[in-house]
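Asker: Place chain Y on chain Z using the hints.
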Amino acid sequence: MHGRTIPWRVETRTKASTVFAVIAALIVIAGLVAPIYLPRATLQDLFFILTMLVLAQSWNLLAGYAGLVSVGQQAFVGLGAYAMFAGVVLLKLDPLLAMLLGGVAAALLAIPAGFFAFRLQGAYFAIGTWVVAEIVRLVVAQWKTLGGGTGTSLPGTATRAMFGTDLVQRLLGVRPAQAVDVICYWLALLLAVATIFTVYRLLRSRHGLALASVRDNQEAARAIGVDARRLRAMVYLTSAFLTGLVGALIYVQKARISPDAAFSVIDWTAYVIFIVVIGGIGTIEGPIVGVLIFFGLQKLLADFGSIYLLALGLIGIVIMLFAPQGLWGLFASRTGIQLLPVRRLLRGGSLET
Amino acid sequence: MNWADTILQGALLGGLYALFAAGLSLVFGIMRLVNLAHGDLIVLAAYLILVLVSTLGLHPFLAVLIAMPVMFAAGWLLQSYVLNRTLGPDILPPLLVTFGLSVVLQNGLLQASSADSRRIPSGVLETASVAIGPLTIGVMPMLTFASAVAVILILNRVLYGTELGRAFRATSDDAVTAGLMGIKPHRTFAVATGIAMAIVAIAAVFLGTRANFDPTIGPARLIYAFEAVIMGGLGSLWGTLAGGVVLGVAQTIGGAINPEWQILAGHVAFVLVLLVRPRGFFPRAVD
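Sequences listed follow chains Z and Y, in order.
When the letters of the first sequence are read in order and numbered with this note's numbering, they come out as residues 295 to 647.
When the letters of the second sequence are read in order and numbered with this note's numbering, they come out as residues -10 to 276.
Looking at chain Z on its own, in the form it has when it is part of the complex (with noise of 0.2 Å):
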């Protein structure tokens, strides 16, 4: 207070996240000439690690930022997946278009399953989108024309004549089953870089910034006029609409559905929950070094099938109680440095000189 004011500013950019970006940009390009260089099993490996990548994003966005602890995403998953299947084997799509009907089917979907899972409060909010999943699972298992319970396959000819396949064919000199690893690669890596830029924008944005205000305070934030509701349920379609984009995805590549697989608990949120735990909820990086780790887990104890998922689940347990924030968040805690920001730091004004 000497008379005059200072001006400040707010500020969400830090050094570590300019380097960052320009680290991210090389390594999307690498990623995006990576069919040149890699065999195809790295190649479908990459696949798996980019779509669980997705899956993570989405799930983080609802419980790590909107409080809602979804454990029914599976019902996204195999609703796009289903979708898909519908639109390729009845209604004669191409698969690249019959995957945007997966997404717009787990939009849909998620209408009436907020409309009902919204009315439980807290934590009856999980196990009521666990039931929505299974009512899900139950119905479509019998679709009768998509096999009922014992499950169907899209039909070779379909992906083959995928869109791009032609060119990736000609491009890389490769076998029609393999051009469709190449496109599916591809639309996984831009699913998931699409995913974390939209996280990133609209944690970013003033929604962002209400988001943050409702988990933090409640009633401080309704106080201010953010409608928490409105917002929760902008991220739940947001998140159904990414997670059935990418089931119908992951379904595409593996070309055989059945409503267990499809809808599975195990494969679509516990898996997904781990990551995000490990590596840091609440965060953007953390889903990216869970799903690092994750996968890590896998090549070394996959083999072990009970055991491993016994393992993962301790772990999971463990950080949950003696580290919450993850690993991303003890070392962001450690050494301040944030790749992603998105918290909002005020510079200059009174209080600094």
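Please keep in mind that the hints were generated in silico from the structure rather than gathered at the bench.
Every value quoted in this text rests on a predicted model; they were computed, and no experiment measured them.
No residue lacks a Cβ here, since even glycine has one placed at the ideal position from N, Cα and C.
It is possible that some hints are incorrect.
As the list claims (entries may be wrong) - Footprint (simulated), chain Y over chain Z, 3 or more residues, beta carbon under 8 Å:
#, region
1, 354 to 364
2, 418 to 430
3, 564 to 575
4, 604 to 611
Said to hold, decoys possible - Quick list of the computed label-pair ranges, beta carbon to beta carbon:
#, chain 1, residue 1, chain 2, residue 2, range
5, Z, Leu594, Y, Thr125, 43 to 49 Å
6, Z, Val398, Y, Arg266, 55 to 61 Å
7, Z, Leu624, Y, Gly112, 53 to 59 Å
8, Z, Glu305, Y, Ala62, 40 to 46 Å
Answerer: Just chain Y, lined up with the frame of chain Z:
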């Protein structure tokens, strides 16, 4: 098809669901904790009883008397050393820890006992039945329903007629003030989870003698329990029994029409009830 018989079987099945649900309801009522591993703990208790029956040659009803204190201790330890650490204003930690526990229990049991489905033998009781007028009722389903009624009677008696129950209700209303009055919230929570696990042992003996079970069926039991609690209305144990009966009747009617619709019919009934009465039949608690 005999509709009266179908409905009666469904109502008795509701007793089993009420037994699944009573422990879940008690724990949620007192500490607002939803234990996602509840169903897997029922399956764990069923395996414990199976081991007691098959190694010591005990009758299941004798084995459950041993299983109850063991499960009480397990619940007490679980709450004291794990779950108490997760309680707080944030609902994430308890949900994620119990979800992890669910995965650990399922895979631990798979590792220990294989994926084969098992059943607890209960001798002549398995097929015993009594004829009442034109209906024939199994002795086991009747015992299940009677146990559910007994458990709810005793629980209500404990909650509203004893010092322990007063401590439960006080902690539920306001843990901080209860603490000032000399109640130790964390110890109260441990006792509550212990009691819930003792009830889980009772549920387990009826689950295990009624039909086959394997390590993966826990989550479905959790969902049935949850549906019974929500349909009945939070905080009302008799409501939970009513919710269980509605679920059981819906399932048996659905199953009688088409065996593939059995489980689905139960879920549909649940959704309908929630649409018509968002707070259930007999809501007592505010949240």
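Asker: May I ask you to test the hint 53 to 59 Å on the CB atoms belonging to Leu624/Z and Gly112/Y?
Answerer: At roughly 56 Å between Cβ atoms, Gly112/Y and Leu624/Z fall inside 53 to 59 Å, so the hint holds.
Asker: Within the assertion that chain Y covers the region 354 to 364 of chain Z, do at least three residues meet a Cβ-to-Cβ distance smaller than 8 Å?
Answerer: holds (count 3)
Asker: So is the region 564 to 575 of chain Z in contact with chain Y by the C-beta rule, three or more residues under 8 Å, or is the coverage claim wrong?
Answerer: holds (count 5)
Asker: Does the beta carbon distance between Val398/Z and Arg266/Y stay inside 55 to 61 Å, or does it fall outside?
Answerer: violated (32 Å)
Asker: Take a look at whether the Cβ-Cβ distance between Leu594/Z and Thr125/Y falls inside 43 to 49 Å.
Answerer: violated (56 Å)
Asker: Per the coverage rule (Cβ-Cβ under 8 Å, at least three residues), is the region 604 to 611 of chain Z covered by chain Y?
Answerer: holds (count 6)
Asker: With respect to the beta-carbon atoms only, verify the hint that Glu305/Z and Ala62/Y lie 40 to 46 Å apart.
Answerer: Violated: the Cβ-Cβ distance is about 55 Å, outside 40 to 46 Å.
Asker: For the region 418 to 430 of chain Z, count the residues whose Cβ lies under 8 Å from any Cβ of chain Y; is that count three or more?
Answerer: Three-residue rule met by the region 418 to 430 of chain Z, so holds; n is 7.
Consistency note: the structure conflicts with the earlier hints numbered 5, 6, 8.
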